[in-house]
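Chemist: Read off the chains here:
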Amino acid sequence: MTSTHRTVEGGRIDRTTTLGFTFDGEALTGHPGDTLASALLAAGRHSIATSVKLGRPRGVAGAWAEDPCGLVQIEEPFPEPMLLATTVELYDGLAASGLPGQGRLADVPDSARYDAVHHHVDVLVVGAGPAGLAAALTAARAGARVALVDEQSEAGGSLLSGTDQLDGVPATAWVEAAVQELAGSPEVLHLQRTTAFGSYDDGFVLALERRTDHLGAAAPEHLSRQRVWRLRARSVVVATGAHERPVVFADNDRPGIMLAGAARTFLHRYGVLPGREAVVFTTNDSAYDAALDLSRAGVRVQAVVDARPDGAPHRRAECDDAGIPVLPGSVVTGTRGVERVTHALVAPLAGGEVGASSAVGCDLLLVSGGWNPAVHLYSQARGRLRYDEELGAFLPGDDVDGLAAAGAAAGVTDLAGCLADGQRVGRAALASLQLEPAADDRLPSAPEFRTPAAPMVLWRVPDTSGAEGTTQFVDLQRDATVADIARAVGAGLRSIEHVKRYTTIGTAHDQGKTSGVLTSGITAELLGVPVRATGTTTFRPPYTPVSFAALAGRDRGRLFDPERVTAVHGWHVAQGAVFEDVGQWVRPRYYPQPGEDMNAAVLRECAAVRTSVGILDGSTLGKIDVQGPDAAVLLDRIYTNLMSSLKVGSVRYGVLCGVDGMVIDDGTVLRLAEDRFLALTTTGGAAKVLDWMEEWVQTEWPDLRVHCTSVTEQWVTFPVVGPRSRDVIGAVFPGVDVANEAFPFMTWRDTTLDGVPVRLARISFSGELAYEVHLNAWYAMAVWTRLIEAGRRYGITPYGTETMHVLRAEKGYPIIGQDTDGTVTPHDLGMAWAVSKKKPDFIGKRSFARPANTDPRRKQLVGLLPTDGSTVLPEGSQVVELHPDGVLPPPPVPMLGHVTSSYRSAELGRPFALALVRAGRSRIGETLHVPLDGSLVPVEVTASVLVDPEGARRDG
Amino acid sequence: MQLIACPWCGPREEVEFSYGGQAHVPHPAAPADLNDEEWAHYVFFRANPKGRFAERWNHSAGCRRWFNAVRDTATYRFEAVYRLDDPRPVTP
Amino acid sequence: MSPRTPGADLPEHPDLLWHDREPKRSYDVVIVGGGGHGLATAHYLAKDHGITNVAVLEKGWLGGGNMARNTTIIRSNYLWDESSAIYEHSLKLWEGLEEDLGYPILFSQRGVLNLAHTLQDVRDSVRRVEANKLNGVDAEWLDPDEVRKVCPIVNTAGDIRYPVLGATYQPRAGIAKHDYVAWGFARRADEAGIDLIQDCEVTGFTTDGDRVTGVRTTRGDIATGSVALCAAGHTSVLTDLLGIPVPVQSHPLQALVSELLEPVHPTVVMSNAVHVYVSQAHKGELVMGAGVDSYNGYGQRGAFSIIERQMAAAVELFPVFARAHLLRTWGGIVDTSPDASPIVGRTPYENVWLNCGWGTGGFKATPGIGSTLAHTIAHGEPHPLVAPFTLERFVTGALVDEHGAAAVAH
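Residue numbers (our numbering), protein chains in the order written: chain A, 423 to 1378; chain B, 308 to 399; chain C, 903 to 1312.
The reader is advised that the hints may include incorrect statements.
What the hints assert, rightly or not - Ranges of calculated distance between the beta carbons of each label pair, as one might list FRET restraints:
{"hint": "1", "chain 1": "A", "residue 1": "Gly950", "chain 2": "C", "residue 2": "Glu997", "range": "51 to 59 angstroms"}
{"hint": "2", "chain 1": "A", "residue 1": "His1129", "chain 2": "C", "residue 2": "Glu997", "range": "54 to 62 angstroms"}
{"hint": "3", "chain 1": "A", "residue 1": "Asp1290", "chain 2": "C", "residue 2": "Glu1283", "range": "29 to 37 angstroms"}
{"hint": "4", "chain 1": "B", "residue 1": "Gly317", "chain 2": "A", "residue 2": "Asp810", "range": "57 to 65 angstroms"}
{"hint": "5", "chain 1": "A", "residue 1": "Ser1357", "chain 2": "C", "residue 2": "His921", "range": "52 to 60 angstroms"}
Just so you know, the hints here were simulated from the structure itself, not pulled from any lab data. We put the beta carbon where it would ideally sit given N, CA and C, even for glycine.
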């Protein structure tokens, strides 16, 4: 199809280049500078899609984001649902189709890149129309740090859509000069194709820059497709313009019915004639410009239908000259046509009564019901709107902190006024920053503004069609009509929020840009209350839709959350370890040998540790260096144990509770000096425990002379575990006397290895003879290698978290967070021994005395042995009373507790489990049941320590 | 998405801070002397006003210092920040 | 006319929802808060107990608080006996609610998946499934292959930071259309002669000893025989007027929707580790909840960083969502309690009943709490299903700690 509706010349398109695209499978062409909508209109195509509920044809009715219905699905180069044809810049190879209601997601992942940038400025100006440019120039000239963002492909805003002159030359020339001047200002960031979509406290504005969308398949792969700008400004100028508002009449949804200003935009910016024969229906002066411009461009303007009794007398002569009939005191009551409007039904309006209508032939019906300032960003930032009776619009009220509206967004309707308002707001921003305006911050002068005839506020034309408002569309996307609003009001609804929800008006893609205020007006009319009493629904971010991927940015896959790995991670990978996520850490879970599954590997690793020697990378353990004269006092208050009595050179296991008395973490504490401790925490609890200590020190005990520092990353920890561990440690660290008497259990010793300081600690989380090797992470690999080499003759076996868990469970050592769930006290764990009776107080102590905590029926940690000697109980299984008949009663079945840990044991030669069981310790020796896959597994309750209960091995 | 004025660092992004709830709730000097109800009030009960609230904040991704603030829970606006050892300021 | 787009239709509403009543001078029962809980309580007071001299006082518009702002997930697969009992009672009522209300509330039992991403998630999940089964709540543990069968668009591949290790599945769980639920209850209450009074904020109470004799409101004083507080995030504002300390904290909680999309997501997916809870509503929009802002706030808005994080999690878990668009974000006020369980029952005033602290569970509990609170008011005695949720439990320590164990909110 040829571009039948393209003007011969003019517009801001590059006619020397032709772009090919398809729409609904039809091959079409356009030019750089076109939008999909303008290219379609140039081809004479108005109808875009059918409506969601009623299946009525719908076309392009706006020229940018205010368009209520021209929705398309992008097919090529990558599927993207639901974009407005008016906002899709045309590129070669674009394939799109009309969207009847629901968009379609691609079924393959999006390979495009997305990113985000933080930027801080003195003044952020949103919108590069006349007011925005004036504000930006004013601020930039004064030396302020400025950001100017604008959603369109080029600056100029409304000036791109008209024929305005400034200083006697086309206003677009001033726009170009202004852009150049800003480009020459080093402190100015100017972004086009960048939509400010969210406005938050303290000058925080989010904007989306579409960096490569307009390039289509030619977009360079290395560039992010879209970028989120997180802008923080000391002063924000909202110069976002205004959206034209339609008037509602019967059958106001046909393709070819368009906002008057949009038609001007299509003509001047894109060189498109949206029709051949036009009727213009207006309640205000602005549509006269559209009528006259289109007439000059060759469109036959059949009539200007002006609802005002006197019309616009001062525009009369121009219309007469152009041969445009003006019908004051008249309205459009309805239309004819199916795929395209063919007639406007025009009737006189007097005293609220509509007279007999006559059909006026047209293929274009332009409508203007006034202008709604784009107050979205102002309102999102908690600005309070006020209803202006004369304009029939909600305007920004008082400035909110650091944010002010300027120009059309503030209700200013003329060019000179917008320039002046932009400058005024720009200067106010400077004043708040204590900056002086530049000596020369002159702005061009616009022609004197002719005082307009007052607009008429007309929300809807009385329905004379007999359809009783059912074809008077308010929200075209939702197919919601005046009849729907009337029905909502009739159902008893008074709140505009209820009307919105009942009718679904304002919930579609455009979020009510054209329909919202109409609904307020029509609802108020139906209820017989003032519009200001009805108000609007709430403006919420985003101003226009933003893709999920853009907001996700780079935080996906491996960057979704940092991966923390230890200094010897590479070795684990090389050994073929299988890994487990533990918090952000990635830890070896087990090291399978060829042919081994996890069970086989873990049984082998366990046996090796219990019979010879194994080595674990325990570097992820949290480590907190606690220093200061009052370090011991702090630890006495934080831990349930007495830590102040710990001798330098010794180690003590400790438990931490919350104020509610529940265990929050545990670990060993090394006393390094009188005034210095190293507190080890669980891997997952490290940050939490440091936060905990700092909080108490700072907020409760600032008198304590103590400092806490995380050294988790600085130190690696390698437990060398098993009966041959002494041989390995003795061989690698000859400077240390490893004899039991010289270096007993729960002590530590410092040594060096080739000049590298190393700390050894007799700590056992397995019940075996064991040494933890602590050293600076920089030397980790070298020392790890020495340990492996020295252990080779004993078959030293690297083991992972799974084996660690089995070994500790055989000893009844709980894992906080696995065997506890925030409802477990030290006593429940059988650790009354770790709770000091000497200390007058510590965190959580008082809670132990609460009635529920002294209940003998509390759950307690016990061992479970499936009596069949073979069943591995799934962790998480519930424990119930013994049902001798082997049959569960109907639900609800009382539960006694649950299995917290469960493993096969090489040592025991059978599976075993740990469980929290009601009054568990009093049940030792009893048999209970665990439901499993429809049957009941008998289990014997045992003490939680199943291996070496005397502790002979670790002490030896 | 506010700027929060850390008393030590100056205005910083909200995401750098963590929240600590109601301020001026000291740990009881002698918990053992409290009855269950009094202790429960310390452990679980915190004021939850709509409007001005004296509360604790921590510049956790910055200087890691705790401080107090008076903030309006309806508007979220910070009316004052002050050090832990300062009394609650009188706000207009 | 072309055929209608699947899912584009919403059912027609009744011609009359409710009357906008003026307050009378006196009622037998005053319910403070015209959200889901207040309206449901009113309905069941009339339906189950014949008590209709009742006013529901709403400071704004009916159902305009959390009822209008939640992500409509309905499930009963909670860990502890006390929790699963009240939520299962509620779910059973949901299953008959369209009929009871005579209103198309679009209750869709499409199931809910709670994903596990770590070995501890798996343990917690199995624990919950096993507990649910013993409590008579439908629950299954699914491995990643089974997860993919229920919801093919979940990323169960390895290119994800926290791989999906499995999920719990409750087939009877689902979603409903929140506004319609509120309106359905309101319509029934209105039909029964209960006064629904909007724009009526409670500003104080009149008391006589340990009884409340009336409420002071922006529309005048109203005498009452008993009071039920159903004000969710604003509960503290009311209890402060009565001098009753209540351990709830009100936080901003945000949610969001996409544009309408062709059906891609057949169930409800929730994940704690990769923080997502998402369903695709009837019209086709993706409805998603974001995280809680840490600070106390009544502003019904939160920080955008939380939305951004939410989008990262969504695309991580559902790569096909990449080019879906965020259409609207909003915020509610979530009233949280120390043990993530509600607080329901007696107050120091013998005729004032408390109902708060539902956190993210409020919507799904709507019929359940409505019926049990109505029973409680009618009998002057907590219904057995709400009896464990006393204010007193914070003194004794007998908590129902759902966040410690279930680790799955919402």
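Chemist: Each of the hints needs a verdict: does it hold here or not?
Modeler: Hint check results:
1. The supplied range of 51 to 59 angstroms is broken by glycine 950 of chain A and glutamate 997 of chain C, whose beta-carbon atoms lie about 42 angstroms from each other.
2. The hinted range of 54 to 62 angstroms is satisfied by histidine 1129 of chain A and glutamate 997 of chain C, whose Cβ atoms lie roughly 59 angstroms apart.
3. Checked against the hint of 29 to 37 angstroms, the pair aspartate 1290 of chain A and glutamate 1283 of chain C fails, with Cβ atoms roughly 48 angstroms apart.
4. The hinted window of 57 to 65 angstroms between glycine 317 of chain B and aspartate 810 of chain A is violated, with their beta carbons roughly 40 angstroms apart.
5. For serine 1357 of chain A and histidine 921 of chain C, the Cβ-Cβ distance of about 59 angstroms falls inside the hinted range of 52 to 60 angstroms, so the restraint holds.
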